[in-house]
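Residue numbers (the numbering used here): 1 to 669.
Treat the hints with care, as some may be off.
[Unchecked claim] With a cut-off of at most 30 Å between alpha-carbon atoms, the simulated BS3-like pairs for lysine-lysine come out as follows:
no., residue 1, residue 2
1, LYS252, LYS377
2, LYS477, LYS188
3, LYS73, LYS128
4, LYS24, LYS431
5, LYS73, LYS193
6, LYS23, LYS477
7, LYS628, LYS642
8, LYS78, LYS89
9, LYS164, LYS24
10, LYS24, LYS628
11, LYS642, LYS14
12, LYS193, LYS237
13, LYS540, LYS377
It should be emphasised that the hints constitute simulated quantities derived from the structure, not laboratory data.
What you are looking at is a predicted structure, and each value in this text was computed from that prediction instead of being measured.
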Amino acid sequence: MDQKNFSKPLSLAKVQVTDAFWKKEMELVRTEVIPYQWNALNDNVPGAAPSFCMRNYRRAGEVEKERKAKEDKFVQIKYPLDTFETLPKDGKMDGRFYGFLFQDTDFAKWVEAVAYSLTQHPDPELEKTADEAIEVVCAAQREDGYLDTYYLINDQDMIFTNLKDNHELYCFGHLTEGAVAYYQATGKDRLLKAAERFADFIASKLGHGEGKKAGYPGHEIAEMALMRLYDLTGEQKYLDLAKYFIDERGTKPYYYDIERGLTCPEGEERYSYNQANRPVRQQDEVQGHSVRAVYLYSGMADVARATQDESLLKACETLWNDMVHQKMYVTGGIGATHIGEAFSFNYDLPNDTAYAETCASIGLVFFARRMLEIQAKAEYADVMELALYNGVLSGMALDGKSFFYVNPLEVLPEACHKDERKFHVKPIRQKWFGCACCPPNLARTVSSVASYAYTENDTTLFVHLYMGGTVEGEKVKASITSEFPWDGHVSVTCESDTKEPYTFAFRIPGWCASYEKEIPKGAELEEKDGYLYVTKVWAKGETIRLNFPMEIQFLASNPLVREDAGRVAVKRGPVVYCMEEADNGKNLHLTKLCVNGEKTAEAADELGEHFVRVTADGRRMKLGDAEKQPLYHLYQKEEEEKTKLKLIPYYMWNNRGEGEMQVWIRVCE
Numbered sequence: 001m002d003q004k005n006f007s008k009p010l011s012l013a014k015v016q017v018t019d020a021f022w023k024k025e026m027e028l029v030r031t032e033v034i035p036y037q038w039n040a041l042n043d044n045v046p047g048a049a050p051s052f053c054m055r056n057y058r059r060a061g062e063v064e065k066e067r068k069a070k071e072d073k074f075v076q077i078k079y080p081l082d083t084f085e086t087l088p089k090d091g092k093m094d095g096r097f098y099g100f101l102f103q104d105t106d107f108a109k110w111v112e113a114v115a116y117s118l119t120q121h122p123d124p125e126l127e128k129t130a131d132e133a134i135e136v137v138c139a140a141q142r143e144d145g146y147l148d149t150y151y152l153i154n155d156q157d158m159i160f161t162n163l164k165d166n167h168e169l170y171c172f173g174h175l176t177e178g179a180v181a182y183y184q185a186t187g188k189d190r191l192l193k194a195a196e197r198f199a200d201f202i203a204s205k206l207g208h209g210e211g212k213k214a215g216y217p218g219h220e221i222a223e224m225a226l227m228r229l230y231d232l233t234g235e236q237k238y239l240d241l242a243k244y245f246i247d248e249r250g251t252k253p254y255y256y257d258i259e260r261g262l263t264c265p266e267g268e269e270r271y272s273y274n275q276a277n278r279p280v281r282q283q284d285e286v287q288g289h290s291v292r293a294v295y296l297y298s299g300m301a302d303v304a305r306a307t308q309d310e311s312l313l314k315a316c317e318t319l320w321n322d323m324v325h326q327k328m329y330v331t332g333g334i335g336a337t338h339i340g341e342a343f344s345f346n347y348d349l350p351n352d353t354a355y356a357e358t359c360a361s362i363g364l365v366f367f368a369r370r371m372l373e374i375q376a377k378a379e380y381a382d383v384m385e386l387a388l389y390n391g392v393l394s395g396m397a398l399d400g401k402s403f404f405y406v407n408p409l410e411v412l413p414e415a416c417h418k419d420e421r422k423f424h425v426k427p428i429r430q431k432w433f434g435c436a437c438c439p440p441n442l443a444r445t446v447s448s449v450a451s452y453a454y455t456e457n458d459t460t461l462f463v464h465l466y467m468g469g470t471v472e473g474e475k476v477k478a479s480i481t482s483e484f485p486w487d488g489h490v491s492v493t494c495e496s497d498t499k500e501p502y503t504f505a506f507r508i509p510g511w512c513a514s515y516e517k518e519i520p521k522g523a524e525l526e527e528k529d530g531y532l533y534v535t536k537v538w539a540k541g542e543t544i545r546l547n548f549p550m551e552i553q554f555l556a557s558n559p560l561v562r563e564d565a566g567r568v569a570v571k572r573g574p575v576v577y578c579m580e581e582a583d584n585g586k587n588l589h590l591t592k593l594c595v596n597g598e599k600t601a602e603a604a605d606e607l608g609e610h611f612v613r614v615t616a617d618g619r620r621m622k623l624g625d626a627e628k629q630p631l632y633h634l635y636q637k638e639e640e641e642k643t644k645l646k647l648i649p650y651y652m653w654n655n656r657g658e659g660e661m662q663v664w665i666r667v668c669e
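Input sequences plus hints: build the corresponding full structure.
What follows is the structure in structure tokens.
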């Protein structure tokens, strides 16, 4: 592992986004999503599933206040721990925890989104709201550092008795990520100190050593969070704990058996759902819950980089290749089945029952950037870009007021309503979810999108994603203009002199067959792993101009993907397209796209959005009086009529009401 290839993300305080596309998305999150989600966390959104999040923190604070007042005389009123979700009966609430047992993370992701938003747009009122919420959260923390309201409220004697299922370490992870982000944005360490105390408590209870349990997370994210804490504080103990969680995972005897008093028969494997069936270095296939998986892989990449562990990096590369080459949707979605929100077998990528959870695409973005931090390879950035523009953004309506948990590639609304196999697929976005992991996750990702665009090391500024703005690296300042994702023209102007040679490294997108460049005189050029390296002693005002032509492309799948045989998906630049009923009428399954016909890309402004619409020649089978025809009949060539197929960006679908949608389209010559 060559440290010379390492790079790190720029602080968001050093990047100001002015990009027409992403600035709009970030402003939407700031003005609509963050306030909306704050109301949701406080159960103030009529018609939406209640969160109970802030209510639980306040209730836990009351318990902690009582415990401190009574000291040794404190006797906790205990409630059962046998439900994954607890809802009030007949609308009546008592003192127990309500909601999903990981509901604390709704706040953590919200405050993380707030932090990132503040780096781009200071907002004293929003910061004040966050500070007040942080006080509520910190008031619930025990003196020993423990902070998880499910156990604080229901039964503190049962802490760390069910790591497999009950998400304590998952809640810790999100709390810590939010705490680090808020400290970096504001300099305020109230929540950060709480996260450190919680981490120290965990380290005192879990690991190898007398009096400790050899446990590790059921739902991964603590690994990533501990590495963020390590990167911020430099405290070795946080790296050690993250490394322990990764190294211990999947070893036998299984800890998940030990905490239940079970014995695994010799030779048997289980817990693949949790990525704990084998030690991580022996795992060669992505399995189980897709979000858990990519969160684990992200943590593995973090630890591999920090410790220069070649075996761990090799495992990351193996799992990456299995996922993106055999188990990833064309939209950057992952997780093919709603059963377990999980990966399926190789090339099993059904479109109308796809799970492709928004959080899973977000986790894929996390994993991709961490692999880029180890070595800049265009494949990682290509997948990161694909997921961001398609599988992530599709999770939010254009007005920021409703959300998808699941992101299918084909929808027939009647099936969503009547076919129980497809009940997980919603034909319209929802105001909120009881299990609301996706909306706040999406908000924190969009708010921090600049952190995925650029990384740097002592000699190089890497440009992984193209978005307009200003960048202040350690050795160079630059301004960038970009018209992505609709046009491939990019210009980068150096805004400072450099005293010695310095390199800009630009990703050459994998969807681009060729590109044009205009480079200042005297620069040395090198192409490596899909990046163009431009090195020289820079003078202020020197500009690099690049053009990555965006052609309409018809993509075919691997022939082993059964559902997509004889079909194409339409892509232009980084954006995947789809057909909707609103443009093409009902019964989209009767249409074919003429791959050798005329195709055009035209700018459009609709629904408050500037985008590029694609139109292509097609054919449509004549339906005739189908309802009077027999269910089966002798084959005869179908009657077809010419048509123009109109396609919009996939992320924009379902912003004009309920209707059919289709990504993969049958072909004709």
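Right, here's what the structure says about each hint:
At roughly 35 Å between alpha-carbon atoms, LYS252 and LYS377 are farther apart than 30 Å, so this suggested pair is violated. Taken as a hint, the LYS477 and LYS188 pair is honoured in the structure, with Cα atoms around 27 Å apart against an allowance of 30 Å. Restraint check for LYS73 and LYS128: not satisfied, since their Cα atoms lie roughly 37 Å apart, outside the 30 Å limit. Using a Cα cut-off of 30 Å, the hinted pair LYS24 and LYS431 holds, with the two alpha carbons roughly 21 Å apart.
With a CA separation close to 28 Å, the supplied pair LYS73 and LYS193 stays within the 30 Å bound. Between the alpha carbons of LYS23 and LYS477 the distance comes to roughly 20 Å, so the proposed pair stays at or under 30 Å and holds. For the proposed pair LYS628 and LYS642, the alpha carbon gap of about 24 Å is at most 30 Å, so the pair holds. Between LYS78 and LYS89, the direct Cα distance comes to roughly 17 Å. Compliance with the 30 Å bound is thereby established for this hinted pair.
Note on LYS164 and LYS24: the hinted pairing is violated, with a Cα-Cα distance of about 40 Å set against a maximum of 30 Å. This hinted pair does not check out: LYS24 and LYS628 have alpha carbons roughly 50 Å apart, beyond 30 Å. Using a Cα cut-off of 30 Å, the hinted pair LYS642 and LYS14 is violated, with the two alpha carbons roughly 53 Å apart. For the hint linking LYS193 to LYS237, the alpha-carbon distance of about 15 Å falls within 30 Å, and the restraint holds.
A distance of roughly 29 Å separates the Cα atoms of LYS540 and LYS377; the hinted pair therefore holds under the 30 Å criterion.
Comparing the model with each earlier hint shows violations of hints 1, 3, 9, 10, 11; every other hint is respected.
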